[in-house]
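> Take a look at the letters that make up each chain.
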Amino acid sequence: MATAVPGLGSLGRQAVERRPAAPPLVWVPALLVAGAALLPIAYLIVRAAGADEGIWLLLLSPRTFRLFINTVLLGAAVAATAILIAVPAAWLTVRTDLPGASAWRVLTVMPLVVPSYVGAFVLITVLGPTGILQAALERLWGVTRLLDIYGFFGAWFTLSLFTYPYVLLSVRAGLRGIDPAIEEASRALGQSGWTTFRRVTLPLLRPSIGAGALLVLLYVFSDFGAVSMMQFDSFTTAIYLQYQASFNRSYAAALSLVLVALTVLVVVLEGRQSRVRYHRIGSATARLPRRVHLGQWTRPALLFLAAIATVGVVMPVGVVTYWLVVGLRHGDSILVSLRPAINSITASVLSALLTVAAAMPVAVLSVRFRGRLSTAITRVSYAGYALPGIVVALSLVFFAARYVVPLYQTLALLVFGYMILFLPQALGPLRSALLQVSPAQEESARTLGRTAREVALTITVPLARSGVVAGAALVFLTTMKELPATLLLSPIGFDTLATRVWSAATEGFFSRAAVPALLLLLASSLSVGLLLSQERNRWRDE
Amino acid sequence: MRYLLVVLVGLTLLPGSLGSATAQAATLTVYSGRTRELIEPLFAQFMKATGIQVRVRYGETAELAATILEEGQNSPADVYFAQDAGALGALAYAGRLRRLPDGVLQKVESRFQSSDGAWVGVSGRARVVVYNTRRLTARDLPASLQDFTHPRWRGRIGWAPTNGSFQAHVTALRLLWGNERTKQWLTAIKANGARAYRNNTAIVAAVGTGEVDVGFVNHYYLFGFIRERGQAFPARNYYFPGADAGNLVNAAGAGVVDSSRNQAAALQLVQYLLSEDAQRYFSNQTFEYPLVSGVPASPLLLPLSQIKTPKIDLNHLQALEQTLKLLREAGIL
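Those protein sequence lines, which keep their order, are chains A and B. Numbering-wise, our numbering puts 393 at position 390 of the first sequence, and it's gapless, one number per residue. Numbering-wise, our numbering puts 276 at position 271 of the second sequence, and it's gapless, one number per residue.
Bound conformation, chain A alone (with noise of 0.2 Å):
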């Protein structure tokens, strides 16, 4: 993977010199992060301890080793295909002078405020064989049925349009840490744009780029939603069998415990390409980059991001609009209430901000202070996220419910187990950050005396500023719309946003899972921008 920036001399190759040993102030808190991230696979293990003899005959079933395969390789196509998505939405909002690009910037993040399940019902009533625009067609040329959208298609195209922004926020991240003086350089050498895209500035996104693929991929083992709607068996469909029909959470356990072993897997393997070294040394600050203009390039710009933006976002809200004009049609009773929202946001701020703290210690540690045991905690903190939510929930009842009662269904309890869940959405921005900050800027603050814990919230921190920003926008979406977690551990009566769409749409009541939809979605925009308005995204004008 040492391959990267040829043609930069020093600047790519040489692997990160060893650093003195990690203060208290990063190892502790680390330590208790990686602990509570252990807590599930603790449980998993005292569950599985307890299968009978039949669950080789499960595990080792012709069966379970196709699900298995069905959901690598459902994992690896919607990661590539988010890659393809975000790595030009990215530039593009970020490095172009494409027109409206502060409303693109939020615009090509929003599918992913849009939850799988709701993702996938609005594709087939939309796409499906007998869906809208089949009946459209019908009218115009007695178009009678459409391909199916279901299996393995379906279950690709609505994972991949609704989770790409993990890759584009982290790349955008990304984008705003590159000094641009070692874009300028290749260009002054003679480059053309595009070379200097390929070879120099797409290598020094490779730590970006991994970390949201690999929160796309790990997203897609812990799906459920999305791939039960659209009909394909993955993993998770043999794991939530177990609970549903069997009732058997034994064999629950050891199933996830083999998708645990797949993301040590996945997670090491991705681990290995952030050993060569993205930062340059010497300038203490980065200029600001040089805009591009995309001139003949801006309209199929425009049309490349219209597109995913119609799909992603017009499409789902003229369903979810559609529902709420059917239902308010027939007479239904359309109750706004404001409750859910607030707790929904309230429990996303909380989570966000707690998942960003403690996701701070472990990139520190995995990106300053490299060795065997901050290799361990970092994979260990990916261990919930790969997991279905509901494995994660019961690990956490189990635990509180026997050991920390008064903490048991407790807002303190279900933000910890956001933290658990969704560490990594911070932990892979953060940590893409970290290694574009040169460690030279750190020493120099500590020989000119200042204290490790100074450096880290005087230097570290605000360098480090587009990780964290992208970190908490990732997890502040991501809570918004969680749903089996908030189901078992919220407080008794703390109605989300989607737990209320949950409800009232496994019933059939469109229209009334309609406005807390809406709400969503818009809840979730406004966060948004607020957030991304935080965003440095400054030009240098030639």
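It cannot be assumed that every hint is accurate.
Claimed, not checked - So, partial list: chain A residues that the calculated Cβ filter (under 7 Å) puts toward chain B:
| # | residue |
| --- | --- |
| 1 | 247 |
| 2 | 248 |
| 3 | 495 |
| 4 | 521 |
As the list claims (entries may be wrong) - No more than 20 Å apart at the CA atoms, straight line, and that leaves these computed lysine to aspartate or glutamate pairs for DMTMM-like:
| # | chain 1 | residue 1 | chain 2 | residue 2 |
| --- | --- | --- | --- | --- |
| 5 | B | 313 | B | 114 |
| 6 | B | 195 | A | 151 |
| 7 | B | 112 | B | 281 |
| 8 | B | 313 | B | 249 |
| 9 | B | 195 | B | 185 |
| 10 | B | 330 | A | 55 |
| 11 | B | 330 | A | 56 |
| 12 | B | 188 | B | 145 |
| 13 | B | 188 | B | 249 |
Unchecked claim - Pairwise CB distance ranges (calculated):
| # | chain 1 | residue 1 | chain 2 | residue 2 | range |
| --- | --- | --- | --- | --- | --- |
| 14 | B | 313 | A | 87 | 49 to 59 Å |
| 15 | A | 275 | B | 52 | 26 to 36 Å |
| 16 | B | 192 | A | 339 | 45 to 55 Å |
| 17 | B | 181 | A | 62 | 24 to 34 Å |
| 18 | B | 301 | A | 339 | 33 to 43 Å |
| 19 | A | 309 | B | 307 | 49 to 59 Å |
| 20 | B | 301 | A | 329 | 26 to 36 Å |
Honestly, the hints are just simulated from the structure, not real lab data. Given the structure is predicted, the values throughout are model-derived calculations rather than measurements. Yeah, the Cβ is synthetic: ideal placement off N, Cα and C, and Gly gets one too.
Since the structure of chain A is provided, determine the placement of chain B on it from the hints.
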């Protein structure tokens, strides 16, 4: 960062501690696998009638059962209210439901309750065939579930093999037909191009748009669609005319959790669910079958007494392992 954390911890602890401070002994906690949309008014009526406060955790039936099992004896749940007999059976099997008094059990036919009195059915749901009325009339539909294996139905059937009520139905088929014939039927339906949907709602929606022409579902989902889209919604339910294996009536039910410290109030809630008021509510609002005699079913439904069901004991519907094995062997799960 330290201040941030202090504020955070303070913020997160605050609502929690307030919540537990207001929890009093007279408050009843219900874990409901039935959704708020359908059931909340019932709890409101109960609170008004008895003055007992009810707090409800809504969720998926099976997941709430797993939650009670994981909580152990510290479970806050007093009453467990489930979509289907299977989940209640799983809790009863683990010894987590307290035996209900005979007075409660006697109100409901024995076929709609646990044989050891651990839970009681409170509303009935019939398995039916939902069909698209633009493509079919009731006369086009066959006399038996068996007949859907005919090539005429190729690519026109929707089902939900991962759904609990479908699996309960397959268990019933096993009891009626035996394993071999059931497996042949499953294999033939799959070979006939049946589409596997996630749940009943998805099937009814698909039948409505004509994505498939018929679907094997519980009867009451249709009425939610009709309420929302009007009588023009192009789907209706079909019951098999004879005592066919396709006709099965299952129950949603409730039980008192063994670790409940409010046994008396919990029992009161279960009794309330069997009261005339509640049974009428099921009849008129959720379009389910009331299970206590004397309360008529909605006029939109074929009366329970007229559904010719083969003799089946719901207690046997918990025997799911064998059913799942069969579904796996038939290549469906």
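> Which earlier hints turn out false for this structure, listed by number in ascending order?
4, 12, 15
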